[in-house]
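*Asks:* This is what each chain is made of:
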Amino acid sequence: MEKILLKNIDNPDSAGIEEYIRAGGYKTLEMAVTQMTPRDIIDEVKNSGLRGRGGAGFPTGMKWQIASMDPKFPKYLICNADEGEPGTFKDRPILEKNPHLLIEGMVISAYALQSTRGYIYLRGEYPLAAGILSRAISAAYGKGYLGNDILSRRFRFDLYLHRGAGAYICGEETALIESLEGKRGQPRVKPPFPVNAGVWNKPTIINNVETFANIPYITEVGGKTYSKIGSKDSPGPKLFSVSGKVVKPGVYELPMGITLREIIYGHCGGLMEGRTLKGVIPGGVSTPILTPEKIDCQMDFVHLSKVGSLFGSGAVIVFDDTVCLVKVYERIMQFFEHESCGKCVPCREGTGWMRNILGRIGSGGGTDEDLDTLEDVAKNVAGKTFCPLGDGAANVTLAFLKQYRDEIEYHVKNGKCPVDGLPHKDNRESHGGQSAPVEQT
Amino acid sequence: MTREEMESKDNETLKDKITGMKRTYPSIQSVLMPALYAVEQSYGWLSQDAIQEVSNHTGVPAAEIKGVATFYSMYRHEPMGRHLVQLCTNVSCLIAGVEDLVKFLDKKYGLLPGGTTKDGRLSLCLMECIGACGNPPAMLVDGDAYDNLTCEAIEQILEKYE
Ligand SMILES: Cc1cc2nc3c(=O)[nH]c(=O)nc-3n(C[C@H](O)[C@H](O)[C@H](O)COP(=O)(O)O)c2cc1C
Ligand code: FES
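Protein sequence lines, in the order shown, are assigned to chains A and B. Residue numbers for the first sequence follow the working numbering, beginning at 1 and rising by one. Residue numbers for the second sequence follow the working numbering, beginning at 1 and rising by one.
If you are wondering where the hints come from, they were derived from the structure by calculation, not from laboratory data. Please note: incorrect hints may appear among the correct ones.
[Said to hold, decoys possible] Below, in silico cross-link-like pairs of lysine-lysine (DSSO-like), each with a Cα-Cα straight-line distance of 27 Å or less: (1) B:Lys107 <-> B:Lys118; (2) A:Lys143 <-> B:Lys17; (3) B:Lys17 <-> A:Lys72; (4) B:Lys107 <-> A:Lys416; (5) A:Lys413 <-> A:Lys379; (6) A:Lys202 <-> B:Lys107; (7) A:Lys416 <-> B:Lys103; (8) B:Lys118 <-> A:Lys343; (9) B:Lys22 <-> A:Lys183; (10) A:Lys425 <-> B:Lys103; (11) B:Lys107 <-> A:Lys425; (12) A:Lys143 <-> B:Lys22.
[As the list claims (entries may be wrong)] Using C-beta positions, here's what the derived DEER-type ranges look like: (13) B:Thr150 <-> A:Glu2: 46 to 56 Å; (14) A:Val302 <-> B:Lys15: 51 to 61 Å; (15) B:Asp144 <-> A:Gly266: 43 to 53 Å; (16) A:Glu349 <-> B:Lys160: 36 to 46 Å; (17) A:Lys143 <-> B:Thr24: 49 to 59 Å; (18) A:Lys143 <-> B:Asp144: 26 to 36 Å; (19) A:Lys425 <-> B:Trp45: 45 to 55 Å; (20) B:Lys15 <-> A:Asn11: 35 to 45 Å.
[To be verified] Far from chain A by the CB rule (all over 10 Å, computed), these chain B residues: (21) Ala62; (22) Thr89; (23) Glu99; (24) Thr117; (25) Gln156; (26) Ile157.
Note that the Cβ used here is the ideal one computed from N, Cα and C, for glycine as well.
Just chain A, same shape as in the assembly (with noise of 0.2 Å):
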């Protein structure tokens, strides 16, 4: 398959304006605000059936329509660089390598929106990122693609970075538009929607920086041309990023609707030598595991939750027989505990909970009662909680237990892992990580 969106990026200069402009970039902004109106561009990201990356996959053309039919002005334009789904790298290249084409995508965007500013929220953990888009961002500014009158049409468009600060809630959208106005990143109650009342109560459209990527290349050849790539309900081209017991780990542009199978035994080389599968996760942390009879399920918004799990963030996490999961769904528990914003109860205390007992199961010390605590606690957090972090780190943890009942009734049976032959360490009492603040006196 031609690539979009990783397109030039092996030319060690790929981020730099010059060679993106050499390559073709740019065009197609300059041929939509002058050949296209803003209706038009909408109706091409409708026809195209683009559906967010950023995990929801909510219709990016809907979303579009709703914001564009919103009376009020100003409107802001947001690119969700947040990427804290754990086994997500998929916007990294996007970010370090082709900078222009996320600023291309977003300016068309602004054009089609009629948005006159916009902010580009990227992790903390991303330092490198954060220079290479100031420069990125200064150069479109020097060559008149952002600014005042830009490409001398009356229409402006001014873009800013805003840095995050480690905190994964940051990512859902309406912690962001907190965060985003310097408060603490707690979500916002739903409705209003962001395209109604987003940051600073304007309307406010929040794309993931791999939607806007795909937006030059809708516009340049139109919807109808980039629906045929990939699957009916869920086209386009996807990055998957692939970690985890691969032979070749990485970011791959693939058709959407790719299997599984495809990916790990025709992109990624397959398993290591001796090895056999024993569970892939597939778009990150949040989504739940699936067995290796499911990897010849197609990878899409539509076909991964006919096999009870989700597509997320396309971050595919694969393990072999070497890995214990009770050891990964206590670490997984211990991210979602760290990350809870603690606002809603059952997710703050939830997590912590589930931690702790899956801690106690590896490190010898499990019951067979705590096996119906993990569920009873799971279904507690379940359709609780304010936002969806707390449902899915109850609903992994229960598709975790459903179908690896065996593996973790091994650790409470036998008081070690099936794995290496001993229990765990025991870190239920020390985390040492981004650690909560020392007070000072």
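Starting from the known structure of chain A, fit chain B with the ligands onto it as the hints suggest.
*Replies:* What follows is chain B with the ligands alone, placed relative to chain A:
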């Protein structure tokens, strides 16, 4: 320049920086996150004085600023060593053996998670995923990214950070 003069010059630039940031956002409160990064850089960490200074330049009460700052784990909430090692321990790094690296840092440098070496050279923070899962285990040292880590590699890398 005397020390006082230097300090006041430092504060001047901080004030200028924060004033510049105000142009980027339609509300003053929004300046807090970038301003916290800026004061952290000049004070080394977010001490009470650092937070007070952000308050002076923005008019946002110090208590409010502290509430915001403590929500975010990447700000430096306590004094740290000269170099900050941020080691990812999330799933892909975990199954690539990061626990051995954590042990190594303790054994070799006496560096514990959340701690600082006695000579004040290195601080260690265990991180959630830093987006380098394809080449695990991975870390940042003062913002520079390193991946495919082994004990030997870490030892060699850290030599550069005196
Ligand atoms: C807990 C949580 C974390 C999220 N993290 C991210 C993220 O890191 N990046 C992202 O683009 N979207 C993330 N999202 C999804 C956003 O809320 C939002 O749906 C998305 O940015 C919309 O853009 P899209 O339609 O282009 O996908 C997250 C959602 C939740 C509930
Ligand atoms: S899990 Fe370590 S970088 Fe993603």
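*Asks:* Checking against the hints above, which ones are violated?
*Replies:* Failing hints, ascending: 3, 6, 8, 13, 15, 17, 19, 22, 23.
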